[in-house]
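Novice: Based on these hints, arrange chains F and G on the given structure of chain P.
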Amino acid sequence: MQQRPAEIVDLKKDYVEGHALPRAFYTSREVYDHDIAAYWNQSWLWAGHVSQIPEPGDYFLFDYGPESIIVVRDRDGEIRAHLNVCRHRGSRVCVEQSGSARSFVCPYHAWTFDLSGQLRAGRAMGPDFDPGEYGLFPAQLRVFQGLIFVCASDSPPPIDAGLAKLAPLAEPFGLDNLKIAAKRTYPVPANWKLALENYMECYHCAPSHKEYARSHTLKAPEQMDRLMAPLQERSREIGLPVEEMDQTGPNAPAPGADVYYRRYPLYPGYETGSRDGHALAPTLGALTGLDGGATDIQVGPLNNFLVYADHLLGYRFIPRGLQETDIELVWMVRGDAEEGRDYSVEDLTWLWHVTSLDDERIIRHNQSGVNSHHFRPGPLADMEWGITGFYQGYLAMI
Amino acid sequence: MQQRPAEIVDLKKDYVEGHALPRAFYTSREVYDHDIAAYWNQSWLWAGHVSQIPEPGDYFLFDYGPESIIVVRDRDGEIRAHLNVCRHRGSRVCVEQSGSARSFVCPYHAWTFDLSGQLRAGRAMGPDFDPGEYGLFPAQLRVFQGLIFVCASDSPPPIDAGLAKLAPLAEPFGLDNLKIAAKRTYPVPANWKLALENYMECYHCAPSHKEYARSHTLKAPEQMDRLMAPLQERSREIGLPVEEMDQTGPNAPAPGADVYYRRYPLYPGYETGSRDGHALAPTLGALTGLDGGATDIQVGPLNNFLVYADHLLGYRFIPRGLQETDIELVWMVRGDAEEGRDYSVEDLTWLWHVTSLDDERIIRHNQSGVNSHHFRPGPLADMEWGITGFYQGYLAMI
Amino acid sequence: MQQRPAEIVDLKKDYVEGHALPRAFYTSREVYDHDIAAYWNQSWLWAGHVSQIPEPGDYFLFDYGPESIIVVRDRDGEIRAHLNVCRHRGSRVCVEQSGSARSFVCPYHAWTFDLSGQLRAGRAMGPDFDPGEYGLFPAQLRVFQGLIFVCASDSPPPIDAGLAKLAPLAEPFGLDNLKIAAKRTYPVPANWKLALENYMECYHCAPSHKEYARSHTLKAPEQMDRLMAPLQERSREIGLPVEEMDQTGPNAPAPGADVYYRRYPLYPGYETGSRDGHALAPTLGALTGLDGGATDIQVGPLNNFLVYADHLLGYRFIPRGLQETDIELVWMVRGDAEEGRDYSVEDLTWLWHVTSLDDERIIRHNQSGVNSHHFRPGPLADMEWGITGFYQGYLAMI
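Chains as they are written, first to last, in the numbering used here: chain P, 1 to 398; chain F, 1 to 398; chain G, 1 to 398.
Simulated from the structure, these hints should not be mistaken for lab results.
Be a bit skeptical, because a hint or two may be false.
Residues of chain G placed beyond 12 Å of chain F at every Cβ, according to the derived structure [claimed, not checked]:
hint: 1; residue: D114
hint: 2; residue: G277
hint: 3; residue: G340
Derived CB-CB ranges, DEER-like [claimed, not checked]:
hint: 4; chain 1: P; residue 1: E237; chain 2: F; residue 2: P138; range: 52 to 60 Å
hint: 5; chain 1: G; residue 1: T185; chain 2: P; residue 2: R102; range: 36 to 44 Å
hint: 6; chain 1: F; residue 1: V9; chain 2: G; residue 2: D154; range: 26 to 34 Å
hint: 7; chain 1: P; residue 1: E237; chain 2: F; residue 2: R120; range: 38 to 46 Å
hint: 8; chain 1: G; residue 1: R214; chain 2: P; residue 2: V9; range: 53 to 61 Å
hint: 9; chain 1: G; residue 1: R4; chain 2: F; residue 2: S153; range: 34 to 42 Å
hint: 10; chain 1: P; residue 1: D74; chain 2: G; residue 2: R214; range: 29 to 37 Å
hint: 11; chain 1: P; residue 1: H353; chain 2: F; residue 2: G57; range: 31 to 39 Å
hint: 12; chain 1: P; residue 1: V9; chain 2: F; residue 2: E339; range: 54 to 62 Å
hint: 13; chain 1: F; residue 1: K12; chain 2: P; residue 2: A24; range: 19 to 27 Å
The beta-carbon is built from N, C-alpha and C at its ideal position, and this holds for glycine as well.
The following block holds chain P by itself, in its conformation from the complex (with noise of 0.2 Å):
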């Protein structure tokens, strides 16, 4: 891991606790680059899933800032991730998003990998040279109930315990059984952390989302907790336990390695995240039914997932630039679901497009006014809590 510039340093110590950072924090190259290098290299990603490579051979890149991993199955069908950077000049070994390979061979002098990532042979490299220490870097790699998660760094956030607990919250969604139904990208211009923090509270439902707002209880939590029983009890019923698991910030066991999971429930009238309220899709793994309930799980702090009884959407937030983000959303469904039979995208994709779109504006407007030299970081609110979380780690890794 690379040195701490002095400026992140001196940045620190201006952090007040309860409060936004400070303005370099979303401003500053500096402090992006070094985000990119001791942040998000240093933390678990969520990738993608394991249906989208389930032959031998099949990969796709997953980049983020200046970085690409491939996420390939291996001849043996084992799910690896590598740096795709070529050890020769660094050349991508790889350039297309996805597809079907027998081997990586660099595009510049054909260096070639095998899809474990192991150098097969130097062309021309001379008799000393040992392909054996010229391997494409390996990423981390984690494959939970088929999402596949991938860290960069050889010292990744302990995550494993975390997982474990999450696992039998999660079981019953049948999450290695999904498809993605669509995916939609939403670039903004602000840092990450902007878009991030947007994600981490509802203190701005409200005001800012009509169409979630009317469906989905969090951005009330004196309603929310008022409904939170009878959720409850419909949620037994179709077989989803109920606890709630927070190692979130404080709670988590070392700086990036939090997970999360709570259901909460959506208004009278909605069984799930739609339009109308009625379902969208197939029930999802084991589920008997629809419980107007709607679970949010973090794994990571960089990797949101919002699961309906009948659907599930994957959230992040990937850094381009210092000042541009991508907001990527990813719709799944039950393995088996066939588009026009069983779901319909426009429906399926209806409540988040708005409410992304939404959100890249208040986010565009909050980076500008960011930008000012006038800003000075305020007070947040209780129901912001999960940014203050977010910090606590961030703070810690950089």
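Specialist: Showing chains F and G alone in chain P's frame:
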């Protein structure tokens, strides 16, 4: 005010009086950021005219660099200026460039500020929260005969004495009774200082501005001197005082408190700054006719006005990035003038439109050359005295 | 010459001979700025050919990074090079890419320079002003058999001895009797060093350049060696000497004074670098036929020429920004050749057009991977010897 970066201190030593500034003043991102914080945010800026906000609730934004200032007429009819940055997490609270509002509701979490900038209440901020501490930061404000100036600093340059002296000189123009007839922006890929310097000297007028040079004597000091006495006679006849006032550069009471007033002759045949020499609009204020003169008024180093007997131009150079500047021109006529009947926008704007196109070109070429590592600031001509005056205040403030 | 930033000194320590340069050499803005000041502005650069400026007053600009150099034939018919920066306030004095001029009049304040760079007079600069002190800064100039090289430094690399040795080898090509037949630019989003390195090795030719590899043996050293003797016999027959000359890298008399000459065979059936193997244009200079060879000439590390018996390519890699480079190709044929009759631009440019499209792609992927924080420079192959030679001079100069 933030600290002077070490780089700035070093750079100031490289400046040689009577020459242009060293290269880094036009090419360094650090200098640019410091320019905004230490110069623009400490300077008086011409934001607009009272006629833009006649009614309570009317507002407009004045944006520069990363900053945004709300200029609004409050419920009591008083004009106020606020920094457009929410005191919670920094979002812009006002996102329309102009309009009418009963309050400013932050688009993010709905913190609501009244027109005087007070936070009405922080929704769900808990019992210990004191809204009185989180009003919008105020900007300083001066309304001079209808022209609105703002300054984002708590300790703005002491401009009042200068404005008091300027008042009787400008009085006959009736500046408080104007309307904006046209507004145009000429983006130029250059640092704001190169754009401002261009306005500050007429050494370039003869070679660069064919149309302007045909009608205006400023480009030929000895011809100007010769035609000055007859002009002053005509000026007196139409009700204009003939004093001059130069409180700029070494004569300014303090850095940034520059004020300037001088009327100079057009060439015979030109009653005003028009293509054919004839009037373009009704005479301003109390004037009884056209004298064939043009007055340069400067309020602070950044705000320039060119006043003919029948119309007025406001000229400013707004930084948008290190080498991105908007040359912004505002044409104003008497408040009761009607387009079509009393003036034609095309005729009114002709001269300074073509002149600004020239300026965009020459400022662009200037920046290209200054970007060279081989640029060495050369000696300034006598006719470029205004630039040296600007440097004096600028270097004192940064 | 400006000081070495501390960052550069540190970075140089991270370089391991026999490997690529460390990441920051390709990603740091500070390094890029220093590259221009300490390397490009100190290096010999191929600007063009005498045929571009046959008459007194004819000129063209050669631009790179933030720099611009005027190459002009003065009234006495002598070729001169001037830095295109006004000595007053730094404007470009010449804004057309090529043309014919009697003098250079600065578009800003009309300072007027004669073709030899002398300032004629500084308009209105007062009695103490000495125009003799404010001529355009000269660039160093060498005309080698019609090829024009410039260097913005007062102490350019000592290239004369190398050029003297090169002279008899290049003589038969009649380089002073050429015309430019075509010129194409391939912008690539990569640092200039990655583009240059690509040209400096043929290790990538076999996997990356199908068309080139079919006709040129450079990609297969042992085949090249085998075909060398028959080529040399043919070369002698058409009037070409068969010596080689390698004064690059460790063999260069001084950093930046590299000169290289070697002719190597095409595959049987290829008389020249054409699609079908047949001639593309009249034989150059004194040559009596086509020998099926290609000569690599290098003058300074930045300037490459590939000389067939019937045409010539100039290849250069012009920095436009940190990760913006123009690959620029200039095709030249004998001075009396006529398009349509003696050559077809489409046929002439085919090979290196398709080859450059390949290069743009692979250099782009190289930069993508090098941008990763996980890039570690790997060992170079023997076939990449030229790159190590380039580094040696480069690291000595910056």
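Novice: If a hint holds in the structure, say so; if it doesn't, say that too.
Specialist: Taking the hints in turn, this is what the structure says about them:
The claim that G:D114 is not at the interface with chain F holds, since no C-beta of that chain comes within 12 Å of its own (minimum 17 Å). Chain F leaves G:G277 outside its interface by the beta-carbon criterion, the shortest separation being 46 Å against a cut-off of 12 Å. The claim that G:G340 lies off the interface holds: its Cβ sits roughly 38 Å from the closest Cβ of chain F, which is beyond the 12 Å cut-off. For the pair P:E237 and F:P138, the beta carbons lie near 58 Å from each other, so the given range of 52 to 60 Å is met.
Between G:T185 and P:R102 the C-beta distance comes to about 37 Å, which sits within the given range of 36 to 44 Å. Look at F:V9 against G:D154: about 29 Å separates their beta carbons, and that is inside 26 to 34 Å. Remark: the range hint 38 to 46 Å for P:E237 to F:R120 is upheld by a beta-carbon distance near 45 Å. Range check, G:R214 to P:V9: Cβ separation about 57 Å, and the 53 to 61 Å hint holds.
A hinted range of 34 to 42 Å for the beta carbons of G:R4 and F:S153 is consistent with their spacing of about 39 Å. For the pair P:D74 and G:R214, the supplied restraint of 29 to 37 Å holds, since their beta-carbon distance comes to about 35 Å. Look at P:H353 against F:G57: about 35 Å separates their beta carbons, and that is inside 31 to 39 Å. As the Cβ distance of P:V9 to F:E339 is approximately 60 Å, the hint placing it in 54 to 62 Å holds.
At roughly 24 Å, the beta carbons of F:K12 and P:A24 sit within the given window of 19 to 27 Å.
Hint compliance for this structure: every hint is met.
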